[in-house]
Structures are given as C-alpha cells and as structure tokens.
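Asks: Everything in the sequence shown is counted per this note's numbering, starting at 136 for the first residue and increasing by one.
Derived from the structure by calculation, the hints contain no laboratory data.
All C-beta atoms in this analysis are idealised placements derived from N, C-alpha and C, irrespective of residue type, glycine included.
Treat the hints with care, since some could be wrong.
Per label pair, the in silico range of CB-to-CB distance [stated by the list, open to error]: (1) 234 to 205: 22 to 30 Å; (2) 232 to 148: 30 to 38 Å; (3) 209 to 175: 16 to 24 Å; (4) 233 to 211: 15 to 23 Å; (5) 161 to 138: 13 to 21 Å; (6) 179 to 141: 28 to 36 Å; (7) 145 to 210: 17 to 25 Å; (8) 172 to 142: 24 to 32 Å.
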Amino acid sequence: MIDRRAEVGLWVGRLETILIDRGVLREDGELAIQVGSRFPKDVEDALDGFIENPIELMGLLKICRHARDGRPLSPAVLMAAHLMTREVLQAFEDSEAAGDFSA
Numbered sequence: 136m137i138d139r140r141a142e143v144g145l146w147v148g149r150l151e152t153i154l155i156d157r158g159v160l161r162e163d164g165e166l167a168i169q170v171g172s173r174f175p176k177d178v179e180d181a182l183d184g185f186i187e188n189p190i191e192l193m194g195l196l197k198i199c200r201h202a203r204d205g206r207p208l209s210p211a212v213l214m215a216a217h218l219m220t221r222e223v224l225q226a227f228e229d230s231e232a233a234g235d236f237s238a
C-alpha cells in the first residue's frame, strides 16, 4: 500500500528546493515574490495548467507541509495533494530535461 503522506512529505522538500532555486521561495519557505505578482516566465511555463498563481502554490505547499508534519488531513485532501505534488514535480523535471530552466 502506498504511504501517500510519507511521499508527500518527501516531495514537498524537493518542491521547496526547486522553488528556492527558481527564486519563487525564500529559504524560510515564504514567497520571495509578491502574492499578487506572476511567476518568473520559466516557472510559469512549467506550471501552466497546474498552478496558476502564487496563492495556489502556497495552498499546495501548506497542505504538503501539514502532511509532512503529521497534521490531520482528510483522505480526499491528502489524495489531491499527492496527485498535484507529483504532477507539479514532473512538470518541473520535464522542463529541466527540455532545457527550459537556466541555472
């Protein structure tokens, strides 16, 4: 049986690292860009169709952090966070493989 909570807990760390590297998050996990602003172009392109704005991103990160920290989540929320986080990480990996991100 898949331990979705454990996977989400691991994945959130990877996602935070990617977002810090892309200038979207600060080291403390807060947004490095203004809430009402847009993502950098390469991040926006990678997340197209998954996450539309920084507010949605912070919502996903909050749920993932709750999963990592063992806080209560409904099965539906955990399932949705698991799916969404996996898809977002895959989108970033695909963009990196295509050379869309410059280091």
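Asks: Each of the hints needs a verdict: does it hold here or not?
Replies: Hint by hint, here is what the structure shows:
no., hint, verdict
1, 234 to 205: 22 to 30 Å, "38 Å, violated"
2, 232 to 148: 30 to 38 Å, "21 Å, violated"
3, 209 to 175: 16 to 24 Å, "33 Å, violated"
4, 233 to 211: 15 to 23 Å, "33 Å, violated"
5, 161 to 138: 13 to 21 Å, "30 Å, violated"
6, 179 to 141: 28 to 36 Å, "30 Å, holds"
7, 145 to 210: 17 to 25 Å, "19 Å, holds"
8, 172 to 142: 24 to 32 Å, "30 Å, holds"
The structure fails hints 1, 2, 3, 4 and 5 (numbered hints given earlier, in ascending order).
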